[in-house]
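J.: Sequence:
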Amino acid sequence: MLLAALPGIALALWIYGPALNPSHVEWLLAEGDSLQHFSGWDMFRRDEWRWPLGALPTLGSQVGASVVYTDSIPLIAIPLKLFHAWLPDPLQYIAPVLLVNLALNGAVAAGLLRWSGCRRSVALAGSLLVVSLPMVTMRGPGALGHEALSSHWLIIMAMWFFLMPQARWAHALRWLGLLMVAVAVHFYLFFMVGVLWFAWWVLTFRSHWRQRSDLVRLLAIAPLTVLAVLAGMYAIGYFEFGLDVEGDTGFGLYSSELLGFFNPGSAALFFQGEHFNGVSRFFNGWRSPVAGQYEGFAYAGAGLLLLWAMALVGMLVSRSLPLASTERWLLVPLVLLFVFSLSHQVVIGQWQLSLPFPAWTEVLTHQLRSSGRMAWPLLYGLLFAALIVASRCITARWLGPLLVGVLLVQIWDVSPWQSYVKHQMSRLAPGEYAERPFAWREEPQVVALLEQSHEIRLLPGDDWHRVNAVSWLAARYDLVSNVAYFARTNPGLLYAAASEQRRALEAGRIEAGVLYALTDASLAEIACNTEGVACYAVDGMTLALKPSEF
Numbered sequence: 001m002l003l004a005a006l007p008g009i010a011l012a013l014w015i016y017g018p019a020l021n022p023s024h025v026e027w028l029l030a031e032g033d034s035l036q037h038f039s040g041w042d043m044f045r046r047d048e049w050r051w052p053l054g055a056l057p058t059l060g061s062q063v064g065a066s067v068v069y070t071d072s073i074p075l076i077a078i079p080l081k082l083f084h085a086w087l088p089d090p091l092q093y094i095a096p097v098l099l100v101n102l103a104l105n106g107a108v109a110a111g112l113l114r115w116s117g118c119r120r121s122v123a124l125a126g127s128l129l130v131v132s133l134p135m136v137t138m139r140g141p142g143a144l145g146h147e148a149l150s151s152h153w154l155i156i157m158a159m160w161f162f163l164m165p166q167a168r169w170a171h172a173l174r175w176l177g178l179l180m181v182a183v184a185v186h187f188y189l190f191f192m193v194g195v196l197w198f199a200w201w202v203l204t205f206r207s208h209w210r211q212r213s214d215l216v217r218l219l220a221i222a223p224l225t226v227l228a229v230l231a232g233m234y235a236i237g238y239f240e241f242g243l244d245v246e247g248d249t250g251f252g253l254y255s256s257e258l259l260g261f262f263n264p265g266s267a268a269l270f271f272q273g274e275h276f277n278g279v280s281r282f283f284n285g286w287r288s289p290v291a292g293q294y295e296g297f298a299y300a301g302a303g304l305l306l307l308w309a310m311a312l313v314g315m316l317v318s319r320s321l322p323l324a325s326t327e328r329w330l331l332v333p334l335v336l337l338f339v340f341s342l343s344h345q346v347v348i349g350q351w352q353l354s355l356p357f358p359a360w361t362e363v364l365t366h367q368l369r370s371s372g373r374m375a376w377p378l379l380y381g382l383l384f385a386a387l388i389v390a391s392r393c394i395t396a397r398w399l400g401p402l403l404v405g406v407l408l409v410q411i412w413d414v415s416p417w418q419s420y421v422k423h424q425m426s427r428l429a430p431g432e433y434a435e436r437p438f439a440w441r442e443e444p445q446v447v448a449l450l451e452q453s454h455e456i457r458l459l460p461g462d463d464w465h466r467v468n469a470v471s472w473l474a475a476r477y478d479l480v481s482n483v484a485y486f487a488r489t490n491p492g493l494l495y496a497a498a499s500e501q502r503r504a505l506e507a508g509r510i511e512a513g514v515l516y517a518l519t520d521a522s523l524a525e526i527a528c529n530t531e532g533v534a535c536y537a538v539d540g541m542t543l544a545l546k547p548s549e550f
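Heads up: the sequence shown at position 115 corresponds to 115 in this note's numbering, and the numbers run straight through without jumps.
It is worth saying that the hints were derived from the structure and are not from the lab.
Predicted model only: the values in this text are computed from it and were never measured.
We put the CB at the ideal spot given by N, CA and C, even for glycine.
Please note that a few of the clues may not be correct.
[To be verified] Beta-carbon label-pair distances, calculated as ranges: (1) L402 to N284: 24 to 30 Å; (2) A504 to H84: 31 to 37 Å; (3) A504 to L331: 55 to 61 Å; (4) P79 to A504: 35 to 41 Å; (5) D539 to Y234: 19 to 25 Å; (6) W440 to P358: 47 to 53 Å; (7) R50 to L353: 45 to 51 Å; (8) L353 to H465: 33 to 39 Å; (9) V335 to L402: 24 to 30 Å; (10) E506 to P358: 44 to 50 Å; (11) V335 to A220: 40 to 46 Å; (12) Q352 to W412: 29 to 35 Å; (13) L402 to P491: 48 to 54 Å; (14) H465 to E525: 19 to 25 Å.
The task is simple: from the sequences and hints, build the whole structure.
T.: Encoded structure:
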């Protein structure tokens, strides 16, 4: 497993380079979601300790949220806050998370394969295939910017635990620990792990129902686990969110396509530009008719496709499916997750088929709008199944060279994507900025206004471009901000959240010591025509401040 971690570390060092320095934060200003995640942590570390532990009312005072909803990875943010006084300031863990996750993805994959009886060489080949999958680096900086979602080792470990159908308290505690870690990393990953945990519980219950002591133990495990996880969710701030997300949440838009494992073109729905020529070296794939299906991107790579073909030939020659009963059962929850990933708008190439989901699934479709991510577990399951089948059907004499060929094809195929992300990150390296993002934040007039303030208010509140810049400034100058970019928010929600403060300004009530960041000309005119208010225009925005001593 230690050896299998090295390729992930090497890949991260090559791709992310200077961004792996925790003290290097300026590059985040050119990012989108990654900047949101950093601002959440940067504000959280400065705030006083509260209960729940992850509560963060100073970032978005009109929202009332937590580090859960800034996607700042509570598993890291909460422990690090204990050492705030001794840590470098500023400090980011956005890019380092990718290094850790790429290493763990490979290591845990090797552990699962060894547990399944594969030779060390096969386990190492499997870990290399896992690390090469473009859907992992797709989630990091330089791409979609969802670094928490690169923690696929959680999915792989849940699959490993599933293969241990033990009705013992020790194994139940392993599951509980994994669920608690997953819920403190990202809700989507927690849901995938939770489905596998429930499937494990059902399978174990089915196989032990004749043993009274095991049956009693299993009947106690489920409710106790659920209660413990709910308590953990409360402690880290899952129930701290003051906005009601209603109406169309995006389910059916951010989905996966039926042939997604074979299509490198889904990424083109999100990435444009002269430096992006597709994820695969061999073929461009096709563009989905659903614009949001980049969220369900799960291209396997030509090498993995070749491995699947090898495993299929091996099964046909041996006329058997050399998978143990538990290994076959594992595919059931993975297929169910894949079905959910397709949503009610099933896409097959350029065709769409509408299939109504049962009404009772609305509780899931409302919370899991990016259902396309649920395709990932099946891709891993089919990868591991193919390696296990190949190792049991093909003699060692032929298996080694074939796996080398698979790896060479895979690396050659996806290397343009890795090079693209490296290029994106190199542009953000120190001293390489073509144009420094939000350079106005360092102008003397802006700094003077910020230093005289105790709060910053973005009004009318719906400027999606500047909300992250305002959050950055709020954290850097220890100011309270009124609105911020949180998961599942949109400009309309933030506009509504700031309505009371907007009406107060329209009525001419301006609070001293509050820096108003105004993106509406009529609001700027009201503020700047008020006696004692100093105004300064930057980047299509007016900063207005009434000093406290006025």
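J.: State for each hint whether it applies.
T.: Evaluated hints:
1. Taking the beta carbon of each, L402 and N284 are about 27 Å apart, inside 24 to 30 Å as hinted.
2. Under the hint 31 to 37 Å, the C-beta atoms of A504 and H84, about 33 Å apart, fit the expected range.
3. Distance hint for A504 and L331: a CB-CB separation of about 58 Å, consistent with the stated range 55 to 61 Å.
4. The beta-carbon spacing between P79 and A504, approximately 39 Å, falls within the hinted interval of 35 to 41 Å.
5. Checked against the hint of 19 to 25 Å, the pair D539 and Y234 fails, with Cβ atoms roughly 40 Å apart.
6. Restraint check, W440 to P358: a C-beta distance of roughly 52 Å satisfies the suggested window 47 to 53 Å.
7. A hinted range of 45 to 51 Å holds for the C-beta pair R50 and L353, which are about 48 Å apart.
8. Between L353 and H465 the beta carbon distance is about 37 Å. The supplied range of 33 to 39 Å therefore holds.
9. Range check, V335 to L402: Cβ separation about 27 Å, and the 24 to 30 Å hint holds.
10. Remark: the range hint 44 to 50 Å for E506 to P358 is upheld by a beta-carbon distance near 46 Å.
11. At about 29 Å, the CB distance of V335 to A220 disagrees with the hint of 40 to 46 Å.
12. A hinted range of 29 to 35 Å for the beta carbons of Q352 and W412 is consistent with their spacing of about 33 Å.
13. Between L402 and P491 the CB atoms are about 53 Å apart, so this pair conforms to the stated range of 48 to 54 Å.
14. Evaluation of the 19 to 25 Å hint for H465 and E525 yields a pass: the beta carbon distance comes to about 21 Å.
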